[in-house]
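Following full-length UniProt numbering, the numbering of the sequence shown begins with 1 at its first residue and continues without gaps.
Hints are computed from structural coordinates only; laboratory data are not their basis.
Note that the structure is predicted; figures quoted are calculated from it, not measured.
Treat the hints with caution; some may be incorrect.
Calculated pairs, BS3-like style, for lysine-lysine (alpha carbon to alpha carbon, straight line, at most 30 angstroms) [stated by the list, open to error]:
id: 1; residue 1: K48; residue 2: K22
id: 2; residue 1: K22; residue 2: K86
id: 3; residue 1: K196; residue 2: K86
id: 4; residue 1: K48; residue 2: K86
id: 5; residue 1: K48; residue 2: K152
id: 6; residue 1: K152; residue 2: K196
id: 7; residue 1: K199; residue 2: K152
id: 8; residue 1: K200; residue 2: K152
id: 9; residue 1: K86; residue 2: K152
id: 10; residue 1: K152; residue 2: K47
id: 11; residue 1: K22; residue 2: K47
id: 12; residue 1: K47; residue 2: K86
id: 13; residue 1: K199; residue 2: K86
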Amino acid sequence: MVVNVKAKKDTRSGSSRALLCKLFISTLYLSTFTFGGGYVIVTLMKKKFVDEYHWIDEQEMLDLVAIAQSSPGAIAVNGAIVVGYKLAGMAGVLTSVLATVIPPFVILSVISLFYAAFRSNLVVGWMLNGMQAGVGAVIAQVVWEMGSGIVKDRQWISVCIMIAAFAANYIFGVNVILIILFCALIGVVRTIRSEKARKKGVQAS
1 MVVNVKAKKD TRSGSSRALL CKLFISTLYL STFTFGGGYV IVTLMKKKFV
51 DEYHWIDEQE MLDLVAIAQS SPGAIAVNGA IVVGYKLAGM AGVLTSVLAT
101 VIPPFVILSV ISLFYAAFRS NLVVGWMLNG MQAGVGAVIA QVVWEMGSGI
151 VKDRQWISVC IMIAAFAANY IFGVNVILII LFCALIGVVR TIRSEKARKK
201 GVQAS
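All chains, please: the whole structure from these sequences, using the hints.
Here it is as structure tokens:
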């Protein structure tokens, strides 16, 4: 019995280490090749963790992105925190944050040593312009995929909120923070109402 318990613990420990190792390598890879801001790494996390590894479903990823966006700090680090915690608790947080921070820390340290040369280099400027176009395309693709997922699930209230939030920011110039707070308030109200309805249904049955 002691041997079996120890074997089970070793198996769980091994699978946990394998998950953390895979999480570290994946996040390090994403962070290394992410250009154009934190939204891009969130986009690539969706591709990697939802579409490829199936560690998180699409609805959960939407929730995690909302948390990362609503929290103070860099969205790339926030995204790594919420995804890492979802997958492996505090160990996952430390692993994913470390993997996310290492590439920009190293790259920016090197660039800072040669800042004057980089700033005046015409080729580097062309490369950055090309990256901006590619980054815009990647973000647009994932926005389309996530938005179409909400439409396919016939979440009409969520669709209306999404359209209203876009119009408020893009057309009327409403501050993003106010939009996020208002959407969060709507989410709280909807959750409370659905919980009350569920409890009434349980009591009735």
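Evaluated hints:
1. Taken as a hint, the K48 and K22 pair is honoured in the structure, with Cα atoms around 11 angstroms apart against an allowance of 30 angstroms.
2. Restraint check for K22 and K86: the C-alpha separation of about 15 angstroms stays at or below 30 angstroms, so the hint holds.
3. Using a Cα cut-off of 30 angstroms, the hinted pair K196 and K86 holds, with the two alpha carbons roughly 27 angstroms apart.
4. For the given pair, K48 sits about 15 angstroms from K86 by alpha-carbon distance, which is consistent with the 30 angstroms threshold.
5. Straight-line distance between C-alpha atoms of K48 and K152 comes to about 22 angstroms, which keeps the hinted pair within the 30 angstroms bound.
6. A C-alpha spacing of about 26 angstroms is found between K152 and K196, which places the hinted pair at or below 30 angstroms, so the restraint holds.
7. In summary, the hint linking K199 to K152 is supported, as the alpha carbons are separated by about 28 angstroms, within the 30 angstroms threshold.
8. Simply put, K200 and K152 have alpha-carbon atoms about 29 angstroms apart, close enough for the 30 angstroms limit, and the pair holds.
9. In summary, the hint linking K86 to K152 is supported, as the alpha carbons are separated by about 25 angstroms, within the 30 angstroms threshold.
10. Under the criterion of a C-alpha separation no larger than 30 angstroms, the hint pairing K152 with K47 is consistent with the structure, at around 19 angstroms.
11. For the hint pairing K22 with K47, the CA-to-CA distance comes to about 15 angstroms; that is within 30 angstroms, so the pair holds.
12. Using a Cα cut-off of 30 angstroms, the hinted pair K47 and K86 holds, with the two alpha carbons roughly 16 angstroms apart.
13. Distance hint between K199 and K86 is fulfilled; the C-alpha atoms sit about 27 angstroms from each other, no more than 30 angstroms.
This entry satisfies every hint, going by the numbered hints stated previously.
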